[in-house]
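Novice: The lines below spell out each chain.
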Amino acid sequence: MRNILGYIQGYLQLSSPLTLSNASSQITLSAQNLSRSFAAHRVIHDLSLQLLRGEVLGLLGPNGAGKSTTLQMLTGCLLPDSGRIEICGIDLQKKPVLAKAQIGYLPEIPPLYRECNVDNYLTFAARLRGMKADDVTAALLQVKQRCGLEVAGKKIISTLSKGYQQRTGIAQAIIHQPAVIVLDEPTVGLDPAQIRDVRQLIRDLGNSSSVILSTHLLGEVESVCDRVQIMQHGRLIYSDSSAGMQHYAQISGHLISLRKPPALSELVKIHGISSVEQTSPTEFRIMHAPETDTVNQLLSLAAQYDWQLQQLTPLHATLEETFVKITKEDAQ
Amino acid sequence: MMRLIAMRELRSLFAMPSTWFVLAALQFIFAWFYLARLEAFLEIQPQLAQLANPPGATLTVAAPLFNMAALLLMMLVPIFTMRLIAEERRNQTLTLLLSSPVSEGQIVLGKFAGLLAFLLLLIAALPLMIATLALGTRLDTGLLLSNCSGLILLTASYVALGLYFSSLTTQPVIAATGALAVLAGLWLADIGAPAESAWHQLSPLYHFQNFNSGLLDSSDASYFVLFTTVFLLLTIKRLQNNRIYG
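Sequences listed follow chains A and B, in order.
So that you can map any letter, position 171 of the first sequence is 171 in the numbering used here, and since no number is skipped, the others follow by simple counting.
Just so we're on the same page, the numbering used here is the position in the second sequence counted from 1, plus 1000.
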C-alpha cells in the first residue's frame, strides 16, 4: 500500500512541474481583474483576458470603450489601479524590465522619431528592446522584407507617406521577435492593398507569437483574428472565436430573384414566411421562421406558376449586425 | 541602455540644422569676445608690467571669457533641454521608451548624458582658444582647470533643471520658458541681494564665481552635485508618475 502511494506521489511530483511549465509556455499574456480610473472616472472595470501562443486576439469595441487604455496597461505604459498582468509568466509590475523585453507595442500613433532614417530608427528600437548589436543587422533585413520597407531604408521618416510610416511603426514592434505583439489599430491610414498585406503579416506573426490587436473594423476581425473580445464602457461583454461570433446573431432568410414575379401578397401567403421586402422589381428579401420547409414550398410554387426562379441565396448575419446586436443587448 | 539613449539624443541633435547654426554662432561669439579681451590685454600690458605682481594673461583674458560663457549658457541650455522629454511626449515617442525594457532612471540619465556631451563639445572651444596663448606666454593651468571644472558642473546643473522642466509639460516652448525663468530668477537673486544675504547661496552662478577666480571650494562643488542630483531625481519621479496619471 505504502509502495503504491509512494509511487503515485513520485509520479505526481514528476509530472506536475512538467504540466505546469507546459501550461505557462502556452499562456503568453494573462491579465486578471484590471481596473483603472482617471480622476473620478472609472475607465476599465475588472477586466481579465488571456492570450495563448500562436493566437490572434481581436479587441473590438466602439470608440471610447477603453481599448487603448487596456493596451497601454498591458504594455506597462500605464499602471492599473488594481489587478495583475503577467507576460510569459513574469509579473509586469514587479519585474517590468524583464517582462517588457517580451513585448512589441504599436500605439495608436506610431512612436516615430521623425528626423531619423528608417534603418537608424529600427536599429535603435531593436537595441532598446535589448537585442545584441550583432543580431540587429539580420533582424533589420528580415523585418524590412516582412513589412515591405526595403526601398525606404535610407529615407527620413518625416518624408514618408502615412502608409509607410504605419509600416515602420509595425516594424519597430516586431523587430525583436517578441512573444507578445500588441497592435493598436494597425491598419489605420493604409490603402486597401496595404491593408491586405498587413493583415497577412499579422496572420503570419500569429503563427509564432501571440498578437492582440484593437480595432473597430469588423472586417479585420473576420479576416485575421482567431478570437474576439468585445469591450463596452470598460467591460468585456463578449468573448468567442470569430467564427462563433458570426453564428451569434442567427437570422433565417433568403434573397430570391424571380424573372416573372407574382404579386407581393401571394408571396406573403406562403406558409412560414414572416415578412417579404421587395428590393427591386424582380428581387425579394424573404424572412421566415427557422427550421420550416418554406424554401421547398417556395421552389415548388415557383415551378408550378412559372415564376422563373433565378437566384436563391441564404442570408448571413454580417459581423456588423452581430456587433450591433451584442452591444445593444449589453446596453439594455 | 543609457549610452544608447544618449547616442540617439546626440544623433537627433546633429540631424537638425539649427544645432549646427547655434554651434557656429556661439563659436563666433566666443572667438570675438576672446580676441577683444586679448586686444585689451595687449593694450594695457605695458602699464600692468609696472605693477609689483601683475595679473597674467589667463586672469585677464580667460576668466572673463568663462564668466561670459556661463551667462550665455544660462540662456542657451533651456533651448536645448526643452525638447528632451516634452517633444517626445508631444510626438508620442515617449511610449516607445516607456514600453521598452528600460527603467525611468536609464531614460533620464541617458538624456542627461547625451545633452551634456553635446554641450561639453560646445564649450571645449574655450580652453582650446586659451591654449593658443601658450604660444606667447606662460599659462596659469590651475586657474584654467578650475574654470573648466566649474563650467562643466554649472552646465550639468543647468541641464538637470531644464530636463526637469521638460518632463513637466507637453509643450517644449513652455519647458524652455519655465527653465529660463527659474534660472534668470536665481541669477537675479544673486546679483540683486545685498552683500551678506543668504540669497546668493541659491544661485548656481554665485557658486561659479569661486571657480572663476581659481578657488576650488568643496562646498561649491557639492552645491552643484546636489543641485544636479535633486533635479535628476525629480525628473525620474515625474516619469514614474507618468505611468500613474497617464
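These aren't lab readings, by the way, just hints derived from the structure by calculation.
You may find that some hints are simply not true.
Stretch-level coverage of chain A by chain B, calculated; a stretch enters the list once three of its residues show a Cβ under 8 Å from a Cβ in chain B [said to hold, decoys possible]:
{"#": "1", "stretch": "74 to 86"}
{"#": "2", "stretch": "122 to 131"}
Incomplete in silico selection of chain B near chain A, CB under 10 Å [unchecked claim]:
{"#": "3", "residue": "A1015"}
{"#": "4", "residue": "V1022"}
{"#": "5", "residue": "L1035"}
{"#": "6", "residue": "N1067"}
{"#": "7", "residue": "M1068"}
{"#": "8", "residue": "L1096"}
{"#": "9", "residue": "S1197"}
{"#": "10", "residue": "A1198"}
Virtual Cβ for every residue (Gly too), placed ideally from N, Cα, C.
Novice: Are the hints correct? Go through all of them and say.
Specialist: Quick rundown of the hints versus the structure:
With 5 residues having a Cβ less than 8 Å from any Cβ of chain B, the stretch 74 to 86 of chain A passes the three-residue criterion, so the hint holds. Using a Cβ-Cβ cut-off of 8 Å, 6 residues of the stretch 122 to 131 of chain A lie near chain B, which meets the minimum of three, so the contact claim holds. The beta carbon of A1015 (chain B) is positioned within 10 Å of a beta carbon in chain A (closest approach about 4 Å), and the interface hint is therefore held. Evaluation of the V1022 (chain B) hint against chain A yields a violated restraint, the C-beta minimum of about 16 Å exceeding 10 Å.
Among the interface hints, the one on L1035 (chain B) is violated; its C-beta lies about 35 Å from the nearest C-beta in chain A, farther than the 10 Å criterion. Among the interface hints, the one on N1067 (chain B) is violated; its C-beta lies about 35 Å from the nearest C-beta in chain A, farther than the 10 Å criterion. The beta carbon of M1068 (chain B) is not positioned within 10 Å of any beta carbon in chain A (closest approach about 32 Å), and the interface hint is therefore violated. Restraint check, L1096 (chain B) versus chain A: the minimum CB separation of about 4 Å is within 10 Å; hint holds.
Proximity of S1197 (chain B) to chain A is violated relative to the hint, the smallest CB-CB distance being about 43 Å (cut-off 10 Å). Interface hint at A1198 (chain B): violated, since its Cβ lies 41 Å from the closest Cβ of chain A, which is beyond the 10 Å cut-off.
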